[in-house]
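Residue strings, one per chain:
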Amino acid sequence: MSTSASTTLVLGGARSGKSTYAESLLSRGNALYIATGQAFDDEMAERIRLHRDRRGPRWDTVEEPLALPEALDRVLDPARPVLVDCLTLWLSNLMHAGRDVDAETARLCEVLAAAAGPVVLVSNEVGLGLVPETRLGREFRDHQGRVNQRVAQTCHRVVFVAAGLPLFLKGAP
Amino acid sequence: MSTSASTTLVLGGARSGKSTYAESLLSRGNALYIATGQAFDDEMAERIRLHRDRRGPRWDTVEEPLALPEALDRVLDPARPVLVDCLTLWLSNLMHAGRDVDAETARLCEVLAAAAGPVVLVSNEVGLGLVPETRLGREFRDHQGRVNQRVAQTCHRVVFVAAGLPLFLKGAP
Amino acid sequence: MSTSASTTLVLGGARSGKSTYAESLLSRGNALYIATGQAFDDEMAERIRLHRDRRGPRWDTVEEPLALPEALDRVLDPARPVLVDCLTLWLSNLMHAGRDVDAETARLCEVLAAAAGPVVLVSNEVGLGLVPETRLGREFRDHQGRVNQRVAQTCHRVVFVAAGLPLFLKGAP
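These protein sequence lines map, in sequence, to chains A, B and C.
The numbering used here applies: residue 3 is where the first sequence begins, and numbers increase by one.
The numbering used here applies: residue 3 is where the second sequence begins, and numbers increase by one.
The numbering used here applies: residue 3 is where the third sequence begins, and numbers increase by one.
Check the hints yourself; a few may be wrong.
[What the hints assert, rightly or not] In silico SDA-like cross-links for lysine to any residue, where the CA-CA straight-line distance does not exceed 20 Å:
(1) K172(C) with S26(A)
(2) K172(A) with A174(B)
(3) K172(C) with T156(C)
In case anyone wonders, no lab produced these hints; they're calculated from the structure.
Only chain A is shown next, with the shape it has when bound in the complex (with noise of 0.2 Å):
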């Protein structure tokens, strides 16, 4: 990372290398890494424990499924990179939670906006598929959406990674 305030947004599909590439835009010093996930069965806690193995002992962890805009304010540090992991699953637990979304969206904006030192965020896209067959996948699907593009306008560089690879969709590499 170049710059100290700089915040960046890492979009990609499921398995598309996101993490990996957002955790190599922190390779360099103490960097911190808030957890969105939550283990609601043994699938989601495999999953959880192979993104935890892969970072390795390197990284102090905050696991935070909700709370994150204000996590993100605690922990902001000129001096310490934050990895965020990821608005999708943060997403999930919003709407189970029956939170508003998009108030909680721009609260995350005003925070990044205002952030003092590199933040890397990890999202997904998920509307490349047909429509969903439900009511709640449109709606997930609609609010990811509006998610990414607002955290896009908020962020300094956007970043699609496909097969491991980034295609730099804003800022440059």
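Dock chains B and C against the given chain A, drawing on the hints supplied.
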């Protein structure tokens, strides 16, 4: 739009910001909007209403769910840019009405190739998820892919939009 | 293809034009086609027939649903380009047969890394929709993502195709 006869295809996922991006290409002058959506239910009516509210009163709107090539041919005018939103709903209407999608696409491309004024068309990319469960879903996905390929071949510019940000697949920005 | 030993991965959605684009990379000379598809039903048989018709008689075809690394190793020849279409059907066949996907992918990458002639491989990106409903769907999506990442890492060039148009993720055009 730098040239009067340019045709542009704007591709993207659901809630990718593709319509807003397409509208931004035509923000000068007295553009005409061809809407292909039909309100079969309340959810669809709400989506159409949201699109209309965002556009505001600046746009004259023609609603044409099926006879898009004919409608486009009728309104083409070097002095008036046209926005078609979107080819995905048009395709859905064609299939629902039992029309010959390949023939209609060929007719649309003929009209586009002869266009004297700027035309921007919006379409969804729907083939980047798993194989759809139903035969109808697979047929829709296949038709959409073919429509996008053919229109992309005809247009001067093709832009892929993700999180509101453009990637140029064909033509200069 | 500028160099004799180049390996290229062509990624894209369903009906994105990725096979046609991949074939265009090998349009000179006497190329060999390795087809991984198996006709389990009429719809699949029809899809295979359409692909075969488009290629025409110029291509010698080897059908190999499972032992792709071995087949590729056997046919590699500096004087003869090879097209593998596609890794997604190969993955599907591997999972159906209960094979170890990671081990097979590692073997494929070894063969690719040692290739003396040009090889183009086609694969689907399937992770850009909502989370699949079934565990099998999620496993397939995860395997596909990992296969794409590993093959992308091995190949000299990686191209993403949408609406028939290429975006270079790795390597020069």
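Hints the structure fails to honour: none
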